[in-house]
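Q: Taking the hints into account, I'd like the entire structure generated from these sequences.
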Amino acid sequence: MNEGSGALQLVLSGDPALYNIVRLSLVVSLSAVALAALIGMPLGGLVALTRFPGRALLIVILNAFMGLPPVVVGLAVFLLLSRSGPLGSFGLLFTPTAMVIAQAVLITPIIAALTRQSVEDLWVEYRDELNAMGVKPFARLITLLYDARVALVTVLLAGFGRAAAEVGAVMIVGGNINGFTRVMTTSIALETSKGDLPLAMGLGLILITIVFAINASAWGLRLYAERRIG
Amino acid sequence: MSDLPIKLSHVSFSAAATPILRGIDLVLRAGAPTFLMGPNGSGKTTLLRFLMGLMTPTSGTIEWNGSHDPAPRRRAMVFQHPVLLRRSVAANLLYALEQAGIEKSQQDKNCTQLLELVGLVDLADRPARRLSGGERQKLAFARALARSPELLILDEPTASLDPSATLAIEQLIARAADEGIKIVIASHDLGQARRLAGDIVFLHRGQILETTSAVSFFQRAQTEQAEKFLRGDLIIER
Numbered sequence: 038m039n040e041g042s043g044a045l046q047l048v049l050s051g052d053p054a055l056y057n058i059v060r061l062s063l064v065v066s067l068s069a070v071a072l073a074a075l076i077g078m079p080l081g082g083l084v085a086l087t088r089f090p091g092r093a094l095l096i097v098i099l100n101a102f103m104g105l106p107p108v109v110v111g112l113a114v115f116l117l118l119s120r121s122g123p124l125g126s127f128g129l130l131f132t133p134t135a136m137v138i139a140q141a142v143l144i145t146p147i148i149a150a151l152t153r154q155s156v157e158d159l160w161v162e163y164r165d166e167l168n169a170m171g172v173k174p175f176a177r178l179i180t181l182l183y184d185a186r187v188a189l190v191t192v193l194l195a196g197f198g199r200a201a202a203e204v205g206a207v208m209i210v211g212g213n214i215n216g217f218t219r220v221m222t223t224s225i226a227l228e229t230s231k232g233d234l235p236l237a238m239g240l241g242l243i244l245i246t247i248v249f250a251i252n253a254s255a256w257g258l259r260l261y262a263e264r265r266i267g
Numbered sequence: 011m012s013d014l015p016i017k018l019s020h021v022s023f024s025a026a027a028t029p030i031l032r033g034i035d036l037v038l039r040a041g042a043p044t045f046l047m048g049p050n051g052s053g054k055t056t057l058l059r060f061l062m063g064l065m066t067p068t069s070g071t072i073e074w075n076g077s078h079d080p081a082p083r084r085r086a087m088v089f090q091h092p093v094l095l096r097r098s099v100a101a102n103l104l105y106a107l108e109q110a111g112i113e114k115s116q117q118d119k120n121c122t123q124l125l126e127l128v129g130l131v132d133l134a135d136r137p138a139r140r141l142s143g144g145e146r147q148k149l150a151f152a153r154a155l156a157r158s159p160e161l162l163i164l165d166e167p168t169a170s171l172d173p174s175a176t177l178a179i180e181q182l183i184a185r186a187a188d189e190g191i192k193i194v195i196a197s198h199d200l201g202q203a204r205r206l207a208g209d210i211v212f213l214h215r216g217q218i219l220e221t222t223s224a225v226s227f228f229q230r231a232q233t234e235q236a237e238k239f240l241r242g243d244l245i246i247e248r
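As given, the protein sequences belong to chains E and L, one line each in that order.
Going by this note's numbering, the first residue of the first sequence is number 38, and it counts up by one from there.
Going by this note's numbering, the first residue of the second sequence is number 11, and it counts up by one from there.
One thing to keep in mind: the hints can contain errors.
Which stretches of chain L does chain E cover? Using the computed rule of at least three CB atoms under 8 angstroms from a CB of chain E, they are [stated by the list, open to error]:
id, stretch
1, 91-99
2, 106-119
No farther apart than 30 angstroms at their CA atoms in a straight line, the calculated lysine-lysine pairs in the DSBU-like style are these [as the list claims (entries may be wrong)]:
id, chain 1, residue 1, chain 2, residue 2
3, E, Lys173, L, Lys17
4, L, Lys17, L, Lys238
5, L, Lys119, E, Lys173
6, E, Lys173, L, Lys238
These are computed hints drawn from the structure, not numbers from a lab.
The beta carbon of each residue, even a glycine, is placed where N, CA and C say it ideally should be.
A: In C-alpha cells, the structure reads:
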C-alpha cells in the first residue's frame with residue numbers, strides 16, 4: 038500500500054523528470070503513428086485496389102507482421118543504424134529519432150493491413166457507383182480512404198496502442214538514457230528491476246490513463262462521426 | 011463526345027455456367043424512354059450493367075457510338091439500391107460534378123440547381139446516409155444528372171418507394187425525358203411503363219422476346235410470355 042500512495046504522490050507532485058519521460062513517450066509514439074500512417078495507409082489502400090502477382094503473399098506478410106515482436110524490430114533497426122550498419126553514418130542510434138523509426142517499423146504493417154481491410158470492404162460497396170461515375174484509379178484511392186475515415190481512426194488507435202505499450206524496440210535502439218531517450222515503458226522496466234516500485238507504478242498509472250483517454254476520445258469521435266456521417 | 015447509339019451484338023453472359031443473357035441484339039438510340047420489362051431473373055439488371063459498361067459479356071460485343079471503350083462519357087446510372095458517399099447531401103453532388111469534369115467555378119451553382127430540382131435544398135447539409143428511401147433515390151437521381159448525361163439508366167427506380175415518392179421520381183424521369191435525355195428503365199411495374207414508356211424491350215429467361223413501341227406492346231403483345239406478363243400471371247423462372 039505504501040508504494041501505491043507513493044506512486045500517487047509522485048504523479049500529483051508534477052516532478053519535472055517524470056513529466057519529461059511522459060512527454061518523450063508521447064512525442065515518440067505519436068510521431069511513429071504519423072510516420073506509419075503516412076506510409077501504411079496509402080500502401081494498404083493500394084494493395085486493396087490493385088491486382089498484381091504476389092498480392093496474396095503481400096497480404097499474408099502484412100497480416101503476419103502485425104504481430105512482429107518489438108525486440109526483433111528493435112534488433113533489426115539497431116543493426117541498420119549501428120555505426121557499422123548501412124545507415125550508421127547518420128548517427129541516429131540511441132536518439133529519439135531511432136525510437137520513432139523502430140516504432141514506425143513495428144506499426145506500419147498494422148496500419149497497412151487494417152487499412153487494406155477497411156478500404157477493400159468499402160470498395161466492394163462503392164465499386165459500381167464509382168465506376169458509373171467514371172472515377173479514375175487515383176481519385177478512387179483518395180475517395181475510399183476519405184470515406185473510410187471513421188474506421189481509419191480506429192486503425193490509428195490500434196497503431197498508437199501498440200507503439201505506446203511496447204518496451205523492447207525503444208529499449209534496444211534508444212538505450213533508455215536518462216533525460217534523453219527514457220520513455221515510460223523503459224523506465225517502468227528499469228525502476229521495477231531496481232526496486233523503485235512507486236516510480237514504476239506511478240508511470241504505469243500515467244501510461245494507462247493516457248491510453249484510456251486517447252481511446253475514450255477516439256470512441257467519442259467515432260460516435261459523433263457515425264451520427265454526422267452515417 | 012456521345013455515348014449513343016449503343017449497339018449490342020450477340021451479347022451473352024453466363025455466371026458459373028448458368029446463362030443469364032443469351033444472344034442479345036439491341037440498338038438504343040436517342041428518343042422516348044425505353045422500358046426493359048420482364049419477370050425477376052429475366053436478365054434486366056444484367057443488361058443494364060452491360061449498357062453502363064460495368065461488366066464484360068462472356069461473348070458478343072458492345073459499342074458506344076462506335077467505340078468499345080466502356081468508360082462512361084455522357085451516361086449515368088441510378089442503381090436499385092443507390093450507394094451514397096459518407097458525406098453530406100451537397101458533398102455527394104459536388105463529388106459527382108467534380109468527377110464529371112465540371113469546372114470548379116460552376117460546381118456550386120450546378121449543385122444548388124440540382125438540389126432545387128429534386129427538392130432536397132433543405133437537406134443539403136444532412137449526412138446522405140441518413141436520408142429516407144425516397145430522399146436517397148432523389149439524391150441518386152440528382153447525382154446521375156450531375157453528369158449531364160444524354161443516356162440515363164435506371165434500375166427499378168421506384169421499387170421500394172411509397173406512392174408520393176414514386177410520383178416525385180416519375181415526374182423527374184418525365185422531365186429528364188422531355189429535356190432530351192434518353193432514359194432506359196428496368197421495371198416490372200406495368201402502370202409505370204404505361205405512364206412513361208416510349209418503347210418496350212421484353213425479356214424472358216435472358217432473351218429478348220419483343221422489341222416494340224409501348225402502344226403496340228400494351229395493345230397486342232406478340233408472344234405468349236408477354237401476354238401472360240401483361241395479364242399479371244405469375245411467370246415462374248427456371
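Q: Does each hint hold? Answer for all of them.
A: Outcome of the hint check:
By the rule of at least three residues with a Cβ nearer than 8 angstroms to a Cβ of chain E, the coverage given for the stretch 91-99 of chain L holds, with 5 such residues. Here's how the stretch 106-119 of chain L fares: 3 of its residues keep a CB closer than 8 angstroms to some CB of chain E, so the rule of at least three is met and the hint holds. Straight-line distance between C-alpha atoms of Lys173 of chain E and Lys17 of chain L comes to about 25 angstroms, which keeps the hinted pair within the 30 angstroms bound. Proposed proximity of Lys17 of chain L and Lys238 of chain L is supported: the alpha carbons are some 29 angstroms apart, at most 30 angstroms.
Between Lys119 of chain L and Lys173 of chain E, the direct Cα distance comes to roughly 24 angstroms. Compliance with the 30 angstroms bound is thereby established for this hinted pair. Distance check on the hinted pair: Lys173 of chain E and Lys238 of chain L sit about 45 angstroms apart at the alpha-carbon level, beyond 30 angstroms; violated.
When held up to the earlier numbered hints, the structure conflicts with hint 6 and nothing else.
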